[in-house]
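> Listed below are the residues making up each chain.
Protein chains: 2
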Amino acid sequence: MDMLYDCWLAYGKDDSMKWTEKYLSRLCVLCSGRVISSAVKELEAAFGRLTGNIPERISQPLSEGCFILRINDSLGAGGYDISVSDESITVMGGDENGVLYGVFRFLILASGGYPPESLSITEKPCFPLRMIDQWDNADGTVERGYSGASIFFEKGRPVSDMKRLTDYARLLSSVGINAICINNVNVHRTETFFITEGLLPDIAKIAGIFADYGIKLYLSVNFAAPMEIDGLSTADPLDERVKSRWKCTADNIYRHIPEFGGFLVKADSENRPGPHTYGRDHAEGANMLAAALKPFGGNVIWRCFVYNCHVDWRDRTTDRAKAAYDNFKPLDGKFADNVYLQIKNGPMDFQIREAVSPLFGAMPDTNCLCEFQITQEYTGQQIDLCYLVPMWKECLDFDTYHGGEGSLVSRNILGAAGVSNVGSDRCWTGDPLAGANLYGYGRLVFDPALSAEKIAMEWVRAAITADEETAEVICKMLVSSRDIYESYTSPLGVGWMVTPHYHYGVDVDGYEYSPWGTYHYSDRNGMGADRTKATGTGYTAQYAPHNEEMYENVSACPEELLLFFHHLPYTYMLSSGKTLIQHIYDSHFEGAEKAEELLMRWRSLKERVPEEYYREAELRFEKQIENSRQWRDVINTYYYRKSGIDDIRGRKIFR
Amino acid sequence: MDMLYDCWLAYGKDDSMKWTEKYLSRLCVLCSGRVISSAVKELEAAFGRLTGNIPERISQPLSEGCFILRINDSLGAGGYDISVSDESITVMGGDENGVLYGVFRFLILASGGYPPESLSITEKPCFPLRMIDQWDNADGTVERGYSGASIFFEKGRPVSDMKRLTDYARLLSSVGINAICINNVNVHRTETFFITEGLLPDIAKIAGIFADYGIKLYLSVNFAAPMEIDGLSTADPLDERVKSRWKCTADNIYRHIPEFGGFLVKADSENRPGPHTYGRDHAEGANMLAAALKPFGGNVIWRCFVYNCHVDWRDRTTDRAKAAYDNFKPLDGKFADNVYLQIKNGPMDFQIREAVSPLFGAMPDTNCLCEFQITQEYTGQQIDLCYLVPMWKECLDFDTYHGGEGSLVSRNILGAAGVSNVGSDRCWTGDPLAGANLYGYGRLVFDPALSAEKIAMEWVRAAITADEETAEVICKMLVSSRDIYESYTSPLGVGWMVTPHYHYGVDVDGYEYSPWGTYHYSDRNGMGADRTKATGTGYTAQYAPHNEEMYENVSACPEELLLFFHHLPYTYMLSSGKTLIQHIYDSHFEGAEKAEELLMRWRSLKERVPEEYYREAELRFEKQIENSRQWRDVINTYYYRKSGIDDIRGRKIFR
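From first to last, the protein sequence lines stand for chains X and B. Taking our numbering, I'd label the letters of the first sequence as residues 1 to 655. Taking our numbering, I'd label the letters of the second sequence as residues 1 to 655.
Some clues are possibly wrong.
A pair counts as met if it fits within one copy or between any two copies, since identical chains are not told apart.
To be verified - Within a straight-line C-alpha distance of at most 30 angstroms, the following computed DSSO-like cross-link-like pairs (lysine-lysine) qualify:
#: 1; residue 1: 329; residue 2: 243
#: 2; residue 1: 334; residue 2: 18
#: 3; residue 1: 652; residue 2: 533
#: 4; residue 1: 652; residue 2: 322
To be clear, the hints were calculated from the coordinates, so they are not data collected in a lab. The model shown is predicted, which means the values in this text are computed figures rather than measured ones.
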């Protein structure tokens, strides 16, 4: 038993699964396939761990306690039904993946101490595509990784030891993930060659592992690959030689990896090559690749994170938030049916608070995915606690009003992609409590109707302790953590204010005069980005009228986004009856206090959580307190120096 | 002929040396030694280059044109006398080094087109120790290097090709340098072992090269070496085992390198180990090492760059500027006679404008050196033009008033150390025009009475062109460059405002909330560090009374240092009749304009300077313009946003 490593698959960590032994001792498998084999293996391993024995395989259901696996098409792809009776437990899946998901679901809930009567469940995934994006590089580093080295690559090549990857595939499929892109969207020199003969056999081995768990492997590709690999003089997507090279590449990939998912592409963004170089648009670029993959059933995932990263900060009319919509909205309907646009949840870049991207709902004739960042680049870097499911849920539940009320983001997408927070650390995620984000991502995109609390509770009970009282405390810590992090960092949706490049810790003006398009425009009178149509950049006009009005009008604008949409004086009165400056002071004092409370609460659990969990998390809570104090004092001093306005409660603001 | 590589030793770049051929064709060498051999080689090479022949060696002076070398003790160590008559040119040196210096001096001036009648010169060095510090690491990187890789090390070892090092020794000795420390003061793991048997033979080869040119080799050592190398449990300088280890180490080094100079030590600074760890003071630490070197005539150079780099920015009473004085002044008289304290020119860290360190003159019973930074860490990084000799001269000419008027810094030190700006770039210094700083450093510390203009002129004529009109233009560019750089960067001595860690480019608040002790305290009313005794940190009290009063009193304080010593409102009226804020606007607009003028002036010389010089420098002037505009606009906008005060001349300040 290695609880940190096992994460939420720590079967038998306590007595809560005792009752399942009578069912698990006999397996009746009424279906077959490579994924079914994985489901069986998982049950065997669980039972083995509980009792030391291997379950008996039987060919017909018995009346005296057995575990039955079967397919029932009517449940749909990935859907499953678990039913628990006195005699047997039956997991039916709409397909092989459904069976596997049902098995994992049963084991996780049982291991979390949920009682037998609560385990009869029918579920099916909301979206067909539920993806994980690794930002792993061939040299073994992970871009924005805070959990050690890559588990996929080392020294320029794919790893050869498959044990860790098999366990990763187990973790992912246990929460319904069915696609993974294993290399960074920033495709450097070495990774450009992943699609060539020299490396495909190794990639294929990895693909096989994930295929065993119903997960399709994708690769990020370099749009300029025909030049870099084949020495063509162009990568123009309308050039016949270029098309032909990509067709050959696809053909070759599928010879090695019949179950290959497709390509993920970051093009014409942050200095990456793309179709714009050749005067072509994103649709022409994506469709060319899509045509190459089409015969084999592959997809192109095309990122919409396209913006000018050489903005002149002096120009207050240019607005990076407008970029994705400006670039892609005009292309609606022009993408092939195996192209999916991957749209970040917000229009900027994974800040702790942003408006929801106006692209959602605005491209009815295009396949869209929502991109979330599980790795905590801007949200605490797996040091500060930040359970992100509430934020993601806000996005999925956001009503775009395109075509009328009720047009939620979740109804306008076909799936999601989450940037992984996993690395070679023993606990996978740097902070073991960040496991909740990986688990939660999978669960939420399987069923966006789930509450963030319910997901957190499931995770805590399976991963840490089935003791309800303890789990309740940890769950509350998780659920409050995003608000706490937000309260001591940048105020009211304005974002950024982080240490440049590193993105942890405060630097209020760190990006203020940079070319990155991320400004708060604080002066001695006020702050915030004016994105209104009336007096600002006009970004609000990218929303459907209902939302446009809401954001345009300062009194209707949700207060947590006030400074994302408006430039306001420090004396602006919030609905709470506080001025903006007082809100800044209050939230920062309170945020730092609450960060201290997190540590106190964690310490109160010392005897009740596994020791390694305790120690790893405690270390981080201590660092979080330091970080929150620095944020508090820098933000408060910065705004005191700018505004000259005292805290009405007379607390210590350094001059 | 490779003018970039040859630097100021580009003999025969034009016709100006023609007249010397009659003298150079016959050499009469009336002295001998390894350094004399180098002088002869240099004359042979020069004559070879001019005529294609080797000069004839004669044993007695002739009346028909010959070049005579001899020793004349009365000229003192390093002193020389050059006399040019119709028959002969005689270079007499006070010692071998003096002869070598005289030869170089003759060749450089002749090559620069100075006429024969101006070449009869007698000079002697002002200081006995004239040192260069390399910040080169074993892995081939150079800390704060802007000129390519290390020429001393690669892949963890000293280089084996001695050609480049020989030419470096020529360049250094040609301006009177007589000591060099070849590795970074931050001694990392690999460099710690430079003093061990495995690496000493390679170091000895390098030492031999420099010894040929009268330059003693020093090594930076790790104070914790007895622990890291020998596995002792302590590096306590009073521990007998520790003393014994260092004695053995010294003994062994001198076996390999009889002419070894000694150790350079950065201790108890920026997280480096030192005597404080063991409750010992700097004198106890330095004297222990000095005792080990003493029998061999070696020295310990001990850096005074000791300060707390974990300051709390919230605490406005702690002042990094006070640190060196606080740490070392109480130890005056306690250091062994072969210990030299190396004191940075200013109390902070090589900013474009600082007060002169209050330690100078305050330690009459201690050997002191002044440390200058030739590499342009904070002063343009060999992109922006910044000729530093005027700044260094200000420091050497500064009257400390210790013991009465006229107690100049130059009279309170025994030498200087300059942090090298040299790397593997073809022109040695990144920007070829930065060669003026290396040349100028050597010349100035040989004779601080020289004017910055004279030194610049010598360098331009020898390195670029003997054409007086062209040289005049370049010389003026050089001499004005420090003021230009200062005018568009941080105002009135307040310093910093640079991109953290990188130290090029503007980030006004980059260090404002950091632990580095470098703050400008700008708020909506004013800015500057109050270092007065009356209301500030009390730093002014570290100066002799005359200077203390000058700095303490805002109206007596030199205006270029106003914000180094005082926190003042933006509306403070300067002697020019301008407010402080208006001065900031004016100097930044003018600074950026003058940066443009530098490029224009350089372009006007296109046909008159060697092509490679032209191209390399032009590229940099273009970048300097960009940099100066960014500084201008960020500083102006930052202070406009803070102060709300408009430019009275209505120029464009971005909001």
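> Are the hints correct? Go through all of them and say.
Hint by hint, here is what the structure shows:
1. In this homomeric assembly, residue 329 and residue 243 come within 30 angstroms of each other (Cα to Cα) only inside a single copy, at 25 angstroms, whereas the closest approach across copies is 75 angstroms.
2. In this homomeric assembly, residue 334 and residue 18 never come within 30 angstroms of each other (Cα to Cα): the closest approach is 56 angstroms inside a single copy and 76 angstroms across copies.
3. When the C-alpha separation of residue 652 and residue 533 is checked against a cutoff of 30 angstroms, the pair qualifies only between copies, where the shortest distance is 25 angstroms, while the shortest distance within a copy is 39 angstroms.
4. Within a single copy, residue 652 and residue 322 get their C-alpha atoms only as close as 39 angstroms, which misses the 30 angstroms cut-off; across copies the closest is 27 angstroms, which meets it.
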